[in-house]
Amino acid sequence: MNETIETIGRDLGRMLEALAGLLFVSIIVPLVWGEYYAIPALIVSGSIPFAIGYFFRTRFREATRPGKLHGMIIAATGWFCVAVFGSVPFLLIAWTVEIGLPLLETPSQTGTLAAFTNPLNALFESMSGFTGTGLTMTDNEEVLPRTLQWWRSFSEWVGGVGVIVLTTAILARPGSGSLTLYESEARSERIHPSIVSTVQTIWWIFILFTFVSILLLWTAGMPIWGAINHGMTGLSTGGFSITDNSIATYDSAAIDFALLPVMLLGSIAFPVHYLILQGDLRNLYADLQTRWVFIYMSVGTFALTALVYASDTYDSLFAAFRYGSFQFVSAATCAGFQTAVDTTNVALGRWPAQAQLTVTFGMIVGGAAGSTVGGIKLIRVLTLLKGIRFRITDVFYPETAVRRLKINGRRLDEREMRQEFEEAAIIGLLWFIFLGIGMFVLLLILPQGEYTLENIIFEVASAQGNVGLSAGITGPESLPTLGKVVFLFNMWIGRLEIIPVLVTLRAVFRRGGIYE
Amino acid sequence: MTVSDLPVVGQLLESGAEDRVFDGLLLIGPVLIVGIAILGRSVITTGIATTYVLFFVAYILYLGVRS
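Protein chains in written order, with the numbering used here: chain A, 1 to 516; chain B, 1 to 67.
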């Protein structure tokens with residue numbers, strides 16, 4: 001057996017075993033809420049990945065340690081497999097209720113739950129959860145069983161930690177953008193020297209912040225079940241809600257404003273959080289990404305408020321600020337919570353085009369690398385801007401001049417600069433190529449005249465940026481099958497920052513002899 | 001036997017920012033949330049939850065000022 005496959009197989013096995021553990025732990029929810037009919041579905045859903053994972057792990061236990069190539073393929077295939085097996089609870093619980101198994105007191109079927117009897121809808125929901133996207137195949141989350149409400153939130157929460165670990169501990173390499181997290185002049189080492197202890201610390205911070213977020217939201221007036229779920233999905237910037245109209249259901253300015261710091265916590269790099277928890281508050285402004293998170297959110301909020309107020313979308317300046325600030329922060333942190341919906345005010349899909357495109361811009365850029373956000377990430381945009389300025393000003397210096405580009409305290413030499421700039425440019429270009437492909441497919445398959453171009457750009461950017469804001473296109477009926485498949489791919493590549501997925505696809509194609 | 005010897009809890013205490021106050025907040029958090037779920041919203045539970053959040057913020061600021 002090929003050594004690479006053995007290494008990948010063993011680590012995939014471990015991931016599937018961990019997924020099984022999460023499913024078994026979730027049995028507490030139906031026990032507490034008396035949804036006993038969901039327990040067999042969870043047991044079966046956990047047993048399948050456990051059996052496969054156990055087989056792979058024991059079969060390949062002697063495999064060599066993973067390298068950079070392995071890391072990328074494990075991350076890409078692992079995320080995909082976890083999404084596939086994570087969809088089984090949706091499917092089985094929906095079918096348990098649909099069939100009405102004897103001895104299990106199943107409730108009556110709802111249209112919302114019935115949507116998950118379609119495996120593609122279940123997979124979409126699971127992929128949306130584990131990638132922290134938040135686009136949903138439900139039309140009314142309130143009527144879902146508590147077990148599935150929990151599983152959706154839990155999947156986003158775990159996916160949130162996963163992406164921090166991915167960018168800070170596994171894929172951090174020269175040119176990845178993530179290395180900037182560690183190699184500034186102020187801090188020349190990782191959170192901890194080993195990956196294992198770094199991951200433990202990330203979990204520690206994430207759990208502590210989750211408790212703080214839940215209690216903050218509850219204090220602001222949210223019921224405790226809502227606070228638990230929204231605290232988890234807000235911090236992981238996933239954006240799944242347990243209510244029909246997302247956060248608009250509560251129609252509370254206090255809750256809207258309480259969610260802003262929760263989403264911002266999730267959009268700041270976790271190595272910076274670690275330093276701040278040690279009292280090094282300078283990082284709030286000294287760290288390039290963190291500084292720009294605040295600048296970017298402030299400028300975006302101001303612009304969006306001005307646009308929706310000037311276009312008479314809202315009557316008062318306060319309402320424009322309330323909805324403008326929430327929606328921009330929700331988009332730029334890639335949380336995807338919505339307060340602008342039709343039942344309480346003006347839906348996002350009916351905002352003026354320039355306002356929708358401002359939100360779209362927020363979704364594409366995203367927040368800090370090393371956090372739970374999606375998008376291209378601020379550090380790459382800043383690297384591109386600084387690199388462009390560096391190249392232009394280069395013309396004004398003599399050829400013999402030795403110049404260095406400074407990013408976040410790092411003084412890059414010519415080779416390092418080329419690596420960082422190339423990576424940022426490649427990811428930026430690929431991002432727009434896949435955005436274009438998604439838009440092209442949606443333009444082909446959606447009914448003519450039903451959605452505007454800005455609606456379509458908005459929706460694809462939301463899927464690929466792992467945001468979850470919707471202009472109304474995504475839904476079990478409204479989005480055609482091909483659209484769901486394309487969005488599955490958009491969400492997957494968006495979470496993995498494209499390159500690992502392309503590396504994996506290349507490896508798969510080469511293996512199968514499709515080319516080369 | 002100390003708290004650090006407990007499984008999972010011991011690992012958590014060893015992992016974080018190596019600060020016993022934050023470790024304490026981490027351990028109290030779930031107990032407080034379960035308590036709120038059982039007791040519901042009252043002046044006392046609201047007061048405790050508010051204190052928890054404010055203490056968390058104030059302690060970070062204190063650490064920042066001290067360093």
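Please keep in mind that the hints were generated in silico from the structure rather than gathered at the bench.
All C-beta atoms in this analysis are idealised placements derived from N, C-alpha and C, irrespective of residue type, glycine included.
Don't take each hint at face value.
[What the hints assert, rightly or not] Across the chosen pairs, the derived CB separations fall in these ranges:
1) A/Glu477 to B/Tyr62: 50 to 60 Å
2) B/Thr46 to A/Leu31: 24 to 34 Å
3) B/Gly64 to A/Arg418: 31 to 41 Å
4) A/Tyr285 to B/Asp19: 36 to 46 Å
5) A/Pro261 to B/Gly47: 13 to 23 Å
6) B/Val21 to A/Arg506: 44 to 54 Å
7) A/Thr344 to B/Gly64: 33 to 43 Å
8) A/Ser298 to B/Pro30: 30 to 40 Å
9) A/Glu142 to B/Leu39: 46 to 56 Å
Tested hints:
1. A/Glu477 to B/Tyr62: 50 to 60 Å: holds (54 Å)
2. B/Thr46 to A/Leu31: 24 to 34 Å: Since the Cβ atoms of B/Thr46 and A/Leu31 sit about 28 Å apart, the hinted range of 24 to 34 Å holds.
3. B/Gly64 to A/Arg418: 31 to 41 Å: holds (38 Å)
4. A/Tyr285 to B/Asp19: 36 to 46 Å: Check failed, 22 Å falls outside 36 to 46 Å.
5. A/Pro261 to B/Gly47: 13 to 23 Å: With Cβ atoms ~20 Å apart, the hint holds.
6. B/Val21 to A/Arg506: 44 to 54 Å: holds (49 Å)
7. A/Thr344 to B/Gly64: 33 to 43 Å: 39 Å Cβ-Cβ, so the 33 to 43 Å window holds.
8. A/Ser298 to B/Pro30: 30 to 40 Å: Holds: the Cβ-Cβ distance is about 34 Å, inside 30 to 40 Å.
9. A/Glu142 to B/Leu39: 46 to 56 Å: Taking Cβ atoms as reference, A/Glu142 and B/Leu39 lie about 24 Å apart, which means the hint is violated.
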